[in-house]
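Colleague: Listed below are the residues making up each chain.
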Amino acid sequence: MGIPLDELLQAIPLEQLLIQTVNGIVTGMILALVASGLTLIFGIMDVVNFAHGELFMLGAYVGVITLAATGNFWVALIVATLTIALLGAAIHVTTLRPLLGRDPLTTILATFGISLVLQNYALWQFGPVARKIQEPFTGHFTLFYLDYPWYRLVIALLSAAIIGALWLFLKFGTYGIWIRATTQDRVMAQAMGIPVPSVLTVVFAIGAGMAAASGVLFGPLVGVNHAMGLDWVLKAFIVVVVGGMGNLGGSIAASIFIGLLESYASLWVSPAQAVIFSFVVLILTLLFRPTGLFVPTPK
Amino acid sequence: MSARRVVVVYWTAFSVILALLIVAPLVLPEFWRRFLTEILIWGLLAMSSDILIGYAGMVSFGHSAFFGLGMYGAAAALLLVKPPDLWLAILYGLIAAAGVAAFVAYFATRLRDIYFAITTLIFSQIFYVIIFTWTEVTGGENGLTFSRPALAIPGLFSVPFTSETLHWFVLAVVTASYLALRRITQSPFGMVLQSIRENEARTRAIGYPIERYKIGAVMLSGLFAGLAGVLYAIQNRFAAPDFVFFLISGEVIIFNVIGGIGTLVGPIVGAAFFLLLREGFSRFFTEYYLIPVGLIFIAMVIFMPQGLLGFMRRWLNQ
Chain L
283 MGIPLDELLQ AIPLEQLLIQ TVNGIVTGMI LALVASGLTL IFGIMDVVNF
333 AHGELFMLGA YVGVITLAAT GNFWVALIVA TLTIALLGAA IHVTTLRPLL
383 GRDPLTTILA TFGISLVLQN YALWQFGPVA RKIQEPFTGH FTLFYLDYPW
433 YRLVIALLSA AIIGALWLFL KFGTYGIWIR ATTQDRVMAQ AMGIPVPSVL
483 TVVFAIGAGM AAASGVLFGP LVGVNHAMGL DWVLKAFIVV VVGGMGNLGG
533 SIAASIFIGL LESYASLWVS PAQAVIFSFV VLILTLLFRP TGLFVPTPK
Chain F
-14 MSARRVVVVY WTAFSVILAL LIVAPLVLPE FWRRFLTEIL IWGLLAMSSD
36 ILIGYAGMVS FGHSAFFGLG MYGAAAALLL VKPPDLWLAI LYGLIAAAGV
86 AAFVAYFATR LRDIYFAITT LIFSQIFYVI IFTWTEVTGG ENGLTFSRPA
136 LAIPGLFSVP FTSETLHWFV LAVVTASYLA LRRITQSPFG MVLQSIRENE
186 ARTRAIGYPI ERYKIGAVML SGLFAGLAGV LYAIQNRFAA PDFVFFLISG
236 EVIIFNVIGG IGTLVGPIVG AAFFLLLREG FSRFFTEYYL IPVGLIFIAM
286 VIFMPQGLLG FMRRWLNQ
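Protein chains in written order, with this note's numbering: chain L, 283 to 581; chain F, -14 to 303.
Calculated from the structure, these hints are not laboratory results. Computed from a predicted structure; not experimentally measured. No residue lacks a Cβ here, since even glycine has one placed at the ideal position from N, Cα and C. Treat the hints with care, since some could be wrong.
To be verified - Stretch by stretch, here's where chain L covers chain F in the computed footprint (C-beta under 8 Å, at least three residues): (1) 114 to 123; (2) 230 to 243; (3) 283 to 293.
Unchecked claim - Restraint-style ranges between C-beta atoms, simulated for each label pair: (4) Leu280(F) - Leu382(L): 44 to 54 Å; (5) Gln416(L) - Leu280(F): 33 to 43 Å; (6) Met297(F) - Ala447(L): 45 to 55 Å; (7) Gly265(F) - Leu382(L): 24 to 34 Å; (8) Leu439(L) - Arg298(F): 50 to 60 Å; (9) Ala190(F) - Val469(L): 20 to 30 Å; (10) Val469(L) - Met289(F): 20 to 30 Å; (11) Phe174(F) - Leu439(L): 49 to 59 Å; (12) Val375(L) - Arg95(F): 48 to 58 Å; (13) Asn184(F) - Met474(L): 23 to 33 Å; (14) Gly265(F) - Ser552(L): 33 to 43 Å.
Make a model of the complete structure from these sequences and hints.
Modeller: Rendered as structure tokens:
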């Protein structure tokens, strides 16, 4: 303590700051992909999906298996997304559909149960040793004398592309319009002939698929293990509260904000402690703007 | 049944169960004696969370923080003050838990329903990260170990705990807490909490300062959770960051749902049921016991939302 600010800043070279900026945006984009699935499910279905991190983790595992079988990363990405989307649909039909119309809090309990089951299933099936996903390409480019892997930039762009596709789908696709109608007024949507229960199942499946895709994309950066979902679901919850629940744009902005914040913070403290900075942001948000940082102030 | 008969039946059942629990350690083998004491401690933790879930309608995912800070508070008293003193451990544990509870209550009660659940979860993670990374003070991942204090009343007597006297001590604390919580839930304060659960807007319109009641409820709940943490620390002679991790809060909610929320006794029944299930399943599934337990939990959320106790009550009334 007691170190003047300019001395602290001098201790960190500019290029490192730049690297951390890029890193922060990359993790922010992955986080945005996880959180937008979570916020989609919450905003449309009033379901807080505790099992979202486990879907992320299982997606990464399906990616590991498919990659081992086919040797192609992109095939693995698509197979994992589709498999977990199907699993999501199955989970929705078996456990969440019976809870339709009950207190939203019961869905937290049910999805918490699902997350326990899935996490322990993964531990049982794949063991505690972390698996590795090979990056699809290993090229580097030079960023201020330092090598920076291309793959990280590709992740950020792909995440942005997937989120963009989701937005277009919600805006212009027939099913997307049904989904938005269901969000606005479930009863009226039903009366207009929209198959509300299957719309909800599709939403859950899309969210699950997005979680799985981010799991596969993120897999090469860290090991894949059964507990990796916990970290992400917590971060995604922070993002969703900071960005405003059920607000897609807010979640993306908050993801990048949190990603940048944590990567700058890890210049000074260990990554495990960098989380505390996001916690502080959360507390400040709750204090001054409880509806979310990126939402217009309610009148 | 007339109101009078209900009262008679209630106190008879209460005395019978209490008597059974007092006699139990004398007849049970060591393993089950310990097991029963543990059920009582987890039951106290679950009961404290029932104040929020069952009475105020707030699902807290942050009870592990209160429980864990109770443990670490007791650890601080037992490690820093020589010779270790039981009552000082309880006092330190309660102060630590109350401090955390005040912090969490102040921020989290600004939000409702799901938002409250998520915020309490994140707050408990804050304390987890702090305890996990502050190795010099908290022992980090390894936690702290200490010796058990003697059962003593200053100036009167001082004997080391045996597993029987530990059980009776825990039983006395849990029973006293149960009676206190039961009284509180039937007091005007408890009534206001229930009316907040039923209709927050109307309760506010009547003129109750809802925020103050909610903060009070979270702090009360946190205090009893901290007490459970102190008891657990004394029983097991260690404090570990695993107990601050939010999975513990999740288990506490499972106890509540299994046993029946809003009944105070239900959560204890739920804790007993869960721990027995875990004991039974872990013989076949080893550490993967959470797979069958999780499936049972999901089934109960869907098909038996009133829990074991509520189910039994309905079945008895038929």
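Colleague: Next, verify each hint and record whether it holds.
Modeller: Taking the hints in turn, this is what the structure says about them:
For the stretch 114 to 123 of chain F, the stated coverage by chain L is satisfied: 4 residues place a CB nearer than 8 Å to a CB of that chain, which reaches the threshold of 3. Look at the stretch 230 to 243 of chain F against chain L: 4 of its residues bring a Cβ nearer than 8 Å to a Cβ of that chain, three or more, so the hint holds. Only when three residues or more bring their CB closer than 8 Å to a CB of chain L does the claim for the stretch 283 to 293 of chain F stand; here the count is 4, and the claim holds. One distance hint, 44 to 54 Å for the beta-carbon pair Leu280(F) and Leu382(L), is violated here, with the actual separation near 20 Å.
Checked against the hint of 33 to 43 Å, the pair Gln416(L) and Leu280(F) passes, with Cβ atoms roughly 35 Å apart. Distance hint check: the CB atoms of Met297(F) and Ala447(L) are about 52 Å apart, consistent with the given range 45 to 55 Å. Checking the proposed 24 to 34 Å range against Gly265(F) and Leu382(L) shows it holds: the Cβ atoms sit about 33 Å from each other. One distance hint, 50 to 60 Å for the beta-carbon pair Leu439(L) and Arg298(F), holds here, with the actual separation near 58 Å.
Distance hint for Ala190(F) and Val469(L): a CB-CB separation of about 27 Å, consistent with the stated range 20 to 30 Å. At about 28 Å, the CB distance of Val469(L) to Met289(F) agrees with the hint of 20 to 30 Å. Between Phe174(F) and Leu439(L) the C-beta distance comes to about 56 Å, which sits within the given range of 49 to 59 Å. Between Val375(L) and Arg95(F) the beta carbons are some 36 Å apart, a value that contradicts the proposed interval 48 to 58 Å.
Taken as a hint, the range 23 to 33 Å holds for the pair Asn184(F) and Met474(L), whose Cβ atoms sit roughly 31 Å apart. A hinted range of 33 to 43 Å for the beta carbons of Gly265(F) and Ser552(L) is consistent with their spacing of about 41 Å.
This entry does not satisfy hints 4, 12, going by the numbered hints stated previously.
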